[in-house]
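*Asks:* Fit chain E to the given chain D structure using the hints.
Quick note, the sequences are listed as chains D and E, same order. First residue of the first sequence: 1, per the numbering used here; consecutive thereafter. First residue of the second sequence: 1, per the numbering used here; consecutive thereafter.
Careful, some of the hints might be misleading.
Cross-link-like lysine-lysine pairs, in silico, PhoX-like; alpha carbons within 25 Å at most [as the list claims (entries may be wrong)]:
| id | chain 1 | residue 1 | chain 2 | residue 2 |
| --- | --- | --- | --- | --- |
| 1 | D | Lys215 | D | Lys57 |
| 2 | D | Lys41 | D | Lys214 |
| 3 | D | Lys117 | D | Lys165 |
| 4 | E | Lys74 | E | Lys38 |
| 5 | D | Lys185 | E | Lys38 |
| 6 | D | Lys185 | E | Lys15 |
Label pairs and their calculated CB-CB ranges [said to hold, decoys possible]:
| id | chain 1 | residue 1 | chain 2 | residue 2 | range |
| --- | --- | --- | --- | --- | --- |
| 7 | E | Arg88 | D | Pro202 | 37 to 47 Å |
| 8 | E | Glu69 | D | Arg176 | 39 to 49 Å |
| 9 | E | Gly55 | D | Lys104 | 45 to 55 Å |
| 10 | D | Gly147 | E | Lys86 | 52 to 62 Å |
Since the hints were made in silico from the structure, they are not lab data. Every residue gets a Cβ at the ideal spot worked out from N, C-alpha and C, and that includes glycine.
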Amino acid sequence: MTLGLLGMKVGMTRVIDERGGVSPVTVVKAGPCVVLGVRSKAREGYDAVQLGFGDVKPHRSTMPMIGHAARANTGPKRFIREIRLDAPAEVQGGDVLTVDVFSKAAVGWVDVIGTTKGKGFQGVMKRHGFGGMCASHGTERKHRSPGGIGANAPRGTGQSVKKGKRMAGHMGDVRRTASSLRLVKVDAEHDLLLIEGSVPGPVGGMVVVRKAVKKG
Amino acid sequence: MSSPLLAIVEKPYLKASVPEFHVGDTVDVMTRIVEGEKERIQAFGGVVIARRSGGINESFTVRRIVNNEGVERKFLIHSPNVVDIKVRRRGKARRAKLFFLRLRIGKARKLRELRITQRKAAEPEMAAAGV
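So that you can see chain D by itself, here it is in the shape it has in the complex (with noise of 0.2 Å):
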């Protein structure tokens, strides 16, 4: 079975026990989401199958979208992704799938894939954690710089600055997998789950929930 989904984030809670223990959750709304294709290894040399999540207004589609989520006879979808299977899929195009199978499989642990909010052009100290210069002592405006950043001594050719130096520049909207996070509670009837801790992206962003890799 599939072990992943689809799904939209819809913001953070706490989530108390009986014992007066206090857990923050995020909110996921996961599913239902269609199969919109199946890949297998005898075909496409993989097994895994192509997921759609929410629906998104013919108008405002493609033809060729259209088209692809017509042979799974639904409608155009907002967000389509792939979720790898280590045996051949149990389902075809077109069958849903509900936050059931998690329930069914009984995960305990999840990782959740999504895009971080972007922060913009950010300096070494926010981006990287650099401590920076100190405050006093007679730093002029320097405070937040990133300091040496290599030799002058000739490295082959000339000096030079190594590759992958971290520096200041973009920071956030890039893919991160928060991993190995824990699914406090499936609501079936309402399509969610609640997944202990922060989730990357922002509140209506959109995020893939499979089975822990690292964790059973």
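*Replies:* Relative to the frame of chain D, chain E by itself:
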């Protein structure tokens, strides 16, 4: 709370009814304490100096003096460990947060607490006047 879906999630964790109390009231908070297998109820009495947030996040702060030392405890209103909140005395507070009480010593702490038993009675009148 921004999303109606969040309200759905929080609903089962909210208490059906919460005792009415206000900032400035002197209350006994009945807290459940679990020691190993045993469970017992312990009261924490003091003045409510703050009440914050809403929904499942709503909490309040109770301040009391123990051995001449100020002690403050925060409680989540909807925590099952807060079994009951008993109002011992109603206080008159003109602001939402009574942090200034921390600076007050001795009798000054109490001056502020006027008994206002008419509050309940005054409310229907205000409703009738259309306020």
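*Asks:* Against each hint, give a clear statement of whether it holds in the structure.
*Replies:* Cross-check of the supplied hints:
no.	hint	in the structure
1	D:Lys215 / D:Lys57	violated, 38 Å
2	D:Lys41 / D:Lys214	holds, 24 Å
3	D:Lys117 / D:Lys165	holds, 23 Å
4	E:Lys74 / E:Lys38	holds, 23 Å
5	D:Lys185 / E:Lys38	violated, 28 Å
6	D:Lys185 / E:Lys15	holds, 19 Å
7	E:Arg88 / D:Pro202: 37 to 47 Å	holds, 46 Å
8	E:Glu69 / D:Arg176: 39 to 49 Å	holds, 46 Å
9	E:Gly55 / D:Lys104: 45 to 55 Å	violated, 31 Å
10	D:Gly147 / E:Lys86: 52 to 62 Å	holds, 60 Å
The structure fails hints 1, 5, 9 (numbered hints given earlier, in ascending order).
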